[in-house]
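Sequence order for the protein chains is B and S.
The first sequence begins at 1 in the working numbering and counts up by one.
The second sequence begins at 1 in the working numbering and counts up by one.
Any given hint could turn out to be false.
[To be verified] Non-contacting residues of chain B with respect to chain S, defined by C-beta distances greater than 10 Å in every case (computed):
1. D93
2. R103
3. R154
4. D188
[Unchecked claim] Here are the simulated lysine-lysine pairs, DSSO-like style, with alpha carbons at most 30 Å apart:
5. K110/B with K168/B
6. K32/B with K76/B
7. K168/B with K119/S
8. K76/B with K225/B
9. K11/B with K119/S
10. K11/B with K92/B
Since the hints were derived computationally from the structure, they do not count as laboratory data.
The structure displayed is predicted, hence computed values, not measured ones.
Beta carbons are placed, not taken as given, at the ideal position from N, Cα and C, and that holds for glycine.
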Amino acid sequence: MGTAIVVTSGKGGVGKTTSTANVGTALALLGKSVCLIDADIGLRNLDVVMGLENRIIYDIVDVAMGECRLEQALIKDKRFESLSVLPASQTKDKTALQPDRVRQIVTELKQSFDYVIIDCPAGIEHGFRVAVAGADQAIVVTTPETASVRDADRVIGLLETENLRSPKLVINRIRSKMVKSGDMLDIDEIVQVLAIDLLGAVPDDETVIKQNIKGEPTVMRPDSKAAIAYRNIARRILGDSVPLMVLDEQPGLWARVKRLILGKA
Amino acid sequence: MLSVNANTSGKPEGRPPVSVKGVNDGLLFLLDEECEHEVLTAYLRELLFENPSQLLSGPDVKVSVDYGNRNLTAQENLELLQLFLQKDNFCMREWSSNTVARRALFANRNRPERQNIHKGTIRAGQQVYYDGDVVVIGDVNPGGEIIATGDIYVFGRLRGIAHAGARGDTSAIIAAAEFAPLQLRIAGTVTRVPKVDGRVMNTFMEFAYLRDDGMAVDKMHYLFAIRGEKKAKRKRG
Ligand SMILES: Nc1ncnc2c1ncn2[C@@H]1O[C@H](COP(=O)(O)OP(=O)(O)OP(=O)(O)O)[C@@H](O)[C@H]1O
Ligand SMILES: [Mg+2]
Numbered sequence: 001m002g003t004a005i006v007v008t009s010g011k012g013g014v015g016k017t018t019s020t021a022n023v024g025t026a027l028a029l030l031g032k033s034v035c036l037i038d039a040d041i042g043l044r045n046l047d048v049v050m051g052l053e054n055r056i057i058y059d060i061v062d063v064a065m066g067e068c069r070l071e072q073a074l075i076k077d078k079r080f081e082s083l084s085v086l087p088a089s090q091t092k093d094k095t096a097l098q099p100d101r102v103r104q105i106v107t108e109l110k111q112s113f114d115y116v117i118i119d120c121p122a123g124i125e126h127g128f129r130v131a132v133a134g135a136d137q138a139i140v141v142t143t144p145e146t147a148s149v150r151d152a153d154r155v156i157g158l159l160e161t162e163n164l165r166s167p168k169l170v171i172n173r174i175r176s177k178m179v180k181s182g183d184m185l186d187i188d189e190i191v192q193v194l195a196i197d198l199l200g201a202v203p204d205d206e207t208v209i210k211q212n213i214k215g216e217p218t219v220m221r222p223d224s225k226a227a228i229a230y231r232n233i234a235r236r237i238l239g240d241s242v243p244l245m246v247l248d249e250q251p252g253l254w255a256r257v258k259r260l261i262l263g264k265a
Numbered sequence: 001m002l003s004v005n006a007n008t009s010g011k012p013e014g015r016p017p018v019s020v021k022g023v024n025d026g027l028l029f030l031l032d033e034e035c036e037h038e039v040l041t042a043y044l045r046e047l048l049f050e051n052p053s054q055l056l057s058g059p060d061v062k063v064s065v066d067y068g069n070r071n072l073t074a075q076e077n078l079e080l081l082q083l084f085l086q087k088d089n090f091c092m093r094e095w096s097s098n099t100v101a102r103r104a105l106f107a108n109r110n111r112p113e114r115q116n117i118h119k120g121t122i123r124a125g126q127q128v129y130y131d132g133d134v135v136v137i138g139d140v141n142p143g144g145e146i147i148a149t150g151d152i153y154v155f156g157r158l159r160g161i162a163h164a165g166a167r168g169d170t171s172a173i174i175a176a177a178e179f180a181p182l183q184l185r186i187a188g189t190v191t192r193v194p195k196v197d198g199r200v201m202n203t204f205m206e207f208a209y210l211r212d213d214g215m216a217v218d219k220m221h222y223l224f225a226i227r228g229e230k231k232a233k234r235k236r237g
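My request is simple: use the sequences and hints to build the entire structure.
And the structure:
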């Protein structure tokens with residue numbers, strides 16, 4: 001029986017889809033069987049980031065409506081045997097999915113995959129409740145900005161009411177220069193406010209944008225810092241204790257955070 | 001708490017034979033239980049018809065009269081009632097030895113506030129309400145809101161909104177181990193905390209309370225000194 005993890009944020013555009021694709025691919029690279037679910041109905045883009053757009057025949061709404069079998073809608077990634085994607089529908093209405101039906105689909109997928117990772121839409125309405133329905137764990141993504149942290153906080157509260165306690169935090173798009181100049185919240189500050197465990201910090205990295213356009217997850221370019229960060233996150237999900245990497249040339253800045261992570265591990 | 005001192009002539013020594021209290025939406029007259037009937041009527045006559053106070057001759061006001069354990073004959077009862085009925089802005093609501101208004105007044109004051117403990121962080125979008133005092137073991141995050149009818153003590157960081165004395169208790173306080181609230185409310189008074197460099201000022205072990213001229217924030221070790229003063233004032237009022 002596998003584990004289902006929902007990737008959520010509240011605020012839009014902070015990197016849920018990027019994180020889903022990269023954490024999922026990194027877990028596959030580490031030998032796990034993984035299924036990614038795009039629960040962002042109407043705005044699907046996980047398939048684009050994964051470079052599978054032109055192979056979609058059926059989607060999750062078709063499965064939910066009983067128009068096809070679950071296996072028919074799964075797209076196997078050509079690069080990795082063990083990685084599949086269940087795409088969202090681009091045409092159908094958001095309300096086409098109901099939490100109970102999604103829970104059934106996720107439970108079914110957990111029979112054949114080690115990890116089921118669900119890409120949640122932005123917001124806290126119907127789409128959010130649908131995406132979290134079948135999840136066992138949650139990853140909350142935020143950027144180092146006040147509004148994004150506020151929304152993450154809101155979502156953590158809502159996850160509690162959905163019985164998803166102690167979610168894990170990913171801080172995305174960190175620019176160490178801006179943190180140093182005080183124009184961005186630093187990691188300590190964010191972890192302190194949100195009071196949940198930090199799973200990883202991903203630097204702002206051009207490679208991510210280029211790779212997303214190319215349809216190839218960033219983790220496949222291990223020379224980039226974001227790739228290393230996502231690989232580390234995957235290892236931490238598997239239970240390894242991996243120190244936070246040094247995003248900055250000055251180690252002093254991160255020393256406290258490292259202690260935080262190592263202390264918890 | 002609003003009150004009118006009608007003891008203008010200085011006639012009766014010590015406690016005036018009538019005390020007037022502002023209650024929820026009207027006035028409560030508490031009649032002395034022991035003084036002579038004549039002293040009481042004389043005092044009332046002066047209070048009601050010679051007192052220039054806006055309260056007693058302004059717009060319509062709901063009035064409760066409580067004579068407690070006073071032994072009234074039918075005649076005395078009628079005489080007193082007639083005095084009140086002569087006021088055309090008085091809308092009589094209660095006339096009894098044990099008015100709801102008095103019970104409510106004393107319930108508000110002498111009942112020790114209920115003590116609550118809230119465990120866990122109050123996050124953005126969450127609003128938590130307590131009857132009585134509350135101790136929060138955790139943080140109140142920006143966008144989160146803690147409301148209590150009594151005092152609020154935060155054993156953590158207060159960065160959201162806190163509203164103490166939510167039913168009008170102006171002696172309520174707000175205290176926190178780390179004090180950086182976005183907004184504070186005590187009873188009906190609201191303050192916003194000024195930002196420095198776009199961030200709320202952060203201080204430690206402080207508390208907020210109401211003074212006559214608005215809200216004040218002080219170091220926690222002054223709490224008992226200031227609290228004592230306010231409690232005494234509350235009793236007097
Ligand atoms: N670490 C990063 N460095 C640079 N760019 C990034 C990074 N993470 C995400 N981006 C870019 O930010 C944009 C938004 O990312 P993404 O689509 O993953 O966010 P999302 O949370 O899924 O958005 P939505 O709420 O719309 O679903 C994309 O253009 C992506 O390439
Ligand atoms: Mg997305």
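>> Please verify whether K76/B and K225/B have alpha carbons no more than 30 Å apart.
In response: holds (27 Å)
> Holds or violated: K110/B with K168/B, Cα cutoff 30 Å?
Replying inline: holds (20 Å)
> Does the claim that D93/B lies outside the interface with chain S hold up, using a Cβ gap greater than 10 Å?
Replying inline: holds (26 Å)
> Within 30 Å, alpha carbon to alpha carbon, are K32/B and K76/B?
Replying inline: holds (14 Å)
> Once the closest CB in chain S is found, is it more than 10 Å from R154/B?
Replying inline: Violated, since 4 Å does not exceed 10 Å.
> Quick one, are K11/B and K92/B close enough, alpha carbons at most 30 Å?
Replying inline: holds (23 Å)
>> Need the status of pair K11/B, K119/S: alpha-carbon distance at most 30 Å?
In response: Holds - the C-alpha atoms of K119/S and K11/B are around 27 Å apart, at most 30 Å.
> Taking 30 Å as the top limit, are the C-alpha atoms of K168/B and K119/S close enough?
Replying inline: holds (20 Å)
>> The output says D188/B does not contact chain S. Does that hold with a beta carbon cutoff of 10 Å?
In response: Non-interface label on D188/B holds, nearest chain S Cβ at 13 Å vs cutoff 10 Å.
>> Would the non-interface assignment of R103/B survive a Cβ cutoff of 10 Å against chain S?
In response: R103/B clear of chain S: closest Cβ-Cβ about 24 Å, beyond 10 Å.
The structure fails hint 3 only (numbered hints given earlier).
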